[in-house]
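Chemist: Listed below are the residues making up each chain.
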Amino acid sequence: MFTWNARTGYLDTIAERSGLEIVGYVLSPVVWLWDRCAGWWDSYLALVDVAAENARLRAELEQSRASALLASEDRAELQRLRDLLGLEALRERPAFAARVIAKRFGPQAVLKTFTVNKGFLNGATAGTPVVTRTGVVGRVLRASPHTATVLMLTDPGFRLAVISNESRTPGIITGSAERRLEVAYVAQNARIAPGEMLITSGADGSFPKGIPVGVVTQVMPGNEILFLQVHARPLVDMDRLEEVLLLKEKSDAPPLLPPESTPG
Amino acid sequence: MKKLYRLFWWFLYTTGAVVVQQLIPGVDALMPGFLLALQENRPRQLMLLFVVFTLVQEGAGSLGFGTAMLSYAGAALLFRMSHGFFVEDNIVFISMLSACLGLYHCLLIRLMCAIQTIPVDYELLVKESLIQTLAIPLIWVPAHLARPKNAAATP
Numbered sequence: 001m002f003t004w005n006a007r008t009g010y011l012d013t014i015a016e017r018s019g020l021e022i023v024g025y026v027l028s029p030v031v032w033l034w035d036r037c038a039g040w041w042d043s044y045l046a047l048v049d050v051a052a053e054n055a056r057l058r059a060e061l062e063q064s065r066a067s068a069l070l071a072s073e074d075r076a077e078l079q080r081l082r083d084l085l086g087l088e089a090l091r092e093r094p095a096f097a098a099r100v101i102a103k104r105f106g107p108q109a110v111l112k113t114f115t116v117n118k119g120f121l122n123g124a125t126a127g128t129p130v131v132t133r134t135g136v137v138g139r140v141l142r143a144s145p146h147t148a149t150v151l152m153l154t155d156p157g158f159r160l161a162v163i164s165n166e167s168r169t170p171g172i173i174t175g176s177a178e179r180r181l182e183v184a185y186v187a188q189n190a191r192i193a194p195g196e197m198l199i200t201s202g203a204d205g206s207f208p209k210g211i212p213v214g215v216v217t218q219v220m221p222g223n224e225i226l227f228l229q230v231h232a233r234p235l236v237d238m239d240r241l242e243e244v245l246l247l248k249e250k251s252d253a254p255p256l257l258p259p260e261s262t263p264g
Numbered sequence: 001m002k003k004l005y006r007l008f009w010w011f012l013y014t015t016g017a018v019v020v021q022q023l024i025p026g027v028d029a030l031m032p033g034f035l036l037a038l039q040e041n042r043p044r045q046l047m048l049l050f051v052v053f054t055l056v057q058e059g060a061g062s063l064g065f066g067t068a069m070l071s072y073a074g075a076a077l078l079f080r081m082s083h084g085f086f087v088e089d090n091i092v093f094i095s096m097l098s099a100c101l102g103l104y105h106c107l108l109i110r111l112m113c114a115i116q117t118i119p120v121d122y123e124l125l126v127k128e129s130l131i132q133t134l135a136i137p138l139i140w141v142p143a144h145l146a147r148p149k150n151a152a153a154t155p
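One line per chain: the protein sequences are E and H, in this order.
Heads up: the first sequence runs through residues 1 to 264, numbered per the numbering used here.
Heads up: the second sequence runs through residues 1 to 155, numbered per the numbering used here.
Fair warning: there could be bad hints in the mix.
As the list claims (entries may be wrong) - Cβ-to-Cβ under 10 Å is the rule here; a few derived chain H residues that face chain E:
#: 1; residue: Glu40
#: 2; residue: Met69
#: 3; residue: Asp89
#: 4; residue: Glu123
#: 5; residue: Leu124
#: 6; residue: Glu128
#: 7; residue: Ala146
Calculated directly from the structure, the hints in this document are not laboratory data.
Note that CB positions come from ideal geometry on N, CA and C, so glycine has one too.
Next comes chain H alone, as it looks inside the complex (with noise of 0.2 Å):
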């Protein structure tokens, strides 16, 4: 039962992040969820949502296939190599790891760009990497305080 609750929590959190990238051009409102599921360290829920965001952002994106998954797991890298630092289910943390994670967003589009002989509006990237690094903790919060208390793995 509440394996079936999770899998309808990430079900309905999917569903709004993808309203919210359709609301905000450029955002990946996914990452949130991500660095929850990071956080809650369930190693099936994790690459299930790995699996799943991946092929969201890549089959919506329209860079070749590479980035999303660079993205996330530049993100599980960041998150394991800092958490050992810091307290990980912190605001403070959580936005200084959004600040690097849109430092990493801005560099990964401009590397897989030349990759793929796309030009880049640079102006634009560097106002969306600001706009993601604002919208992870102010995502992350709400999402945060609506999880189940109990959601944790158990150590």
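Next up, chain E with everything else stripped away, as it sits in the complex (with noise of 0.2 Å):
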């Protein structure tokens, strides 16, 4: 039966299609439910502690004001990396969001996953790139009609193609054990070096090319003669996520963010 479903995946499609759509009906009310009362409880301490917070947040201001004096400098490179990077799939590329549902759900969550409330009704199929303002989360690993799992950038399985926004240095990430992800294929004379960023290349053809991935932490001799070794970091919170963007296949409906005006 093992090897005939490996085969075919019909009952693999029977158990996505109902078991994890009976996780989405019940967690998506849970987690409605979960936010309403958290937004409810946020208010009601906001309005508890409203003047103490009120002192806390002028001081914060003043403080603020005189870190923004000094970030001047951060802030022009800020814009530059933001020009040069853009975004500019999420304007080429229909996105809708999703919220995460389950992280790791059940027994059998192996795999680094979580549970988005969007399913293939919505757009959500296999390979759909899942991703935030920050950077590249991961891609849609199973599907049922209003809930999907996401395979995350951070999991071992996890490949994708990228290109050092810098020395334009091509390799393959992959996730790791550890917290960090692993750049494969990088050639031992090429230029790259830490701090750099990982943008994906648009080779693999599921990913549009320019979206942050992480930023290069390690640049290593390897064991194999012709490849470096090279470590890198997520740019997204992996244990902070709430809400992802997943980029839809290119069609005729309006993108998420309006295209940016042309002048004259």
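Since each chain sits alone in its own frame, please combine them into the complex, following the hints.
Modeler: Put into structure tokens, the structure is as follows:
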């Protein structure tokens, strides 16, 4: 039965479309209720502590003004990076938001996954790119009508074609058992350096080009003669994910971000 | 009417177990319910729960189909092999069974990952198997107490 299912995938499909859907139907209202309760509680606490909060915020504002003056150089650099990357992919590809409703759900969640409240009826099919405004999160692994499981970028089984944004060094990024990312197949003579940003190269066809993925943290001579050993850290904090964006295939649907107005 | 109540009870249990699984990653909160169904020995109820629980775990998990089925089938086999020696609705029996199920979970996941060539984080697997061992009696006790007294099948 296992080999028959591995060949045809019928049982996997049945389980996805029933079991995953049941989980979605149960957890979506629970998460919705939790969000409302958390929001109400926050508002209540804010009301109770409003005077103290005001004083603290005023002090913080003064401090922030001073920091903002000092950080003008950083702001300029950030603007340059934003111009460079621009998350153009979000303008080119229609995207829709999804709420994370569970992380590594159940005893068989061996892979680093999370569950979202959008399924194939919303456009989340296997392989759909999942991102946030900060960078790549992963891709959809399996989907039921209204729920989907997303494989995280940090899973050792995840593969994505990337390119560094300064030296234009190509490589394949993978997750690892630790929290870091590894960049495979980087040529020994590549000029990649720690601190360089890694962006999607678009070579794999599913992720559009130019989405930030991670920052190079370490470059070492590899055990093999041909390739360097490159480590990186993801830009997205995978432990604090609440909402994500799923990128649809190009279509006539309006994009999430309006196209920037062209001068003249 | 009793049938409808039983069905409603299992609906509530499954909903609660799914929420527990969301709160504690890697735990099978449906397993204590399956053990309760084994104790009650109603073949149709047991078969229905086996199918539903298997579909939930297989559908939401990230391994190929078969792991949850083997997990519940193994639990049933362990239960049948050992229930003749112990009082089956006793917490000591359930604790011993859950220890065996924790070990079985560890071995099963390792086997299924090897078949599907998926790298395993052994430290996390052992940790979650231990949590599973502790979770089964902790969920089983309130579920057992909340079960209607006449739920067991008459011999």
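Chemist: Each of the hints needs a verdict: does it hold here or not?
Modeler: Consistency of the hints with the structure:
no., hint, in the structure
1, Glu40, "22 Å, violated"
2, Met69, "9 Å, holds"
3, Asp89, "24 Å, violated"
4, Glu123, "9 Å, holds"
5, Leu124, "9 Å, holds"
6, Glu128, "7 Å, holds"
7, Ala146, "19 Å, violated"
Hint violations for this structure: numbers 1, 3, 7, all remaining hints satisfied.
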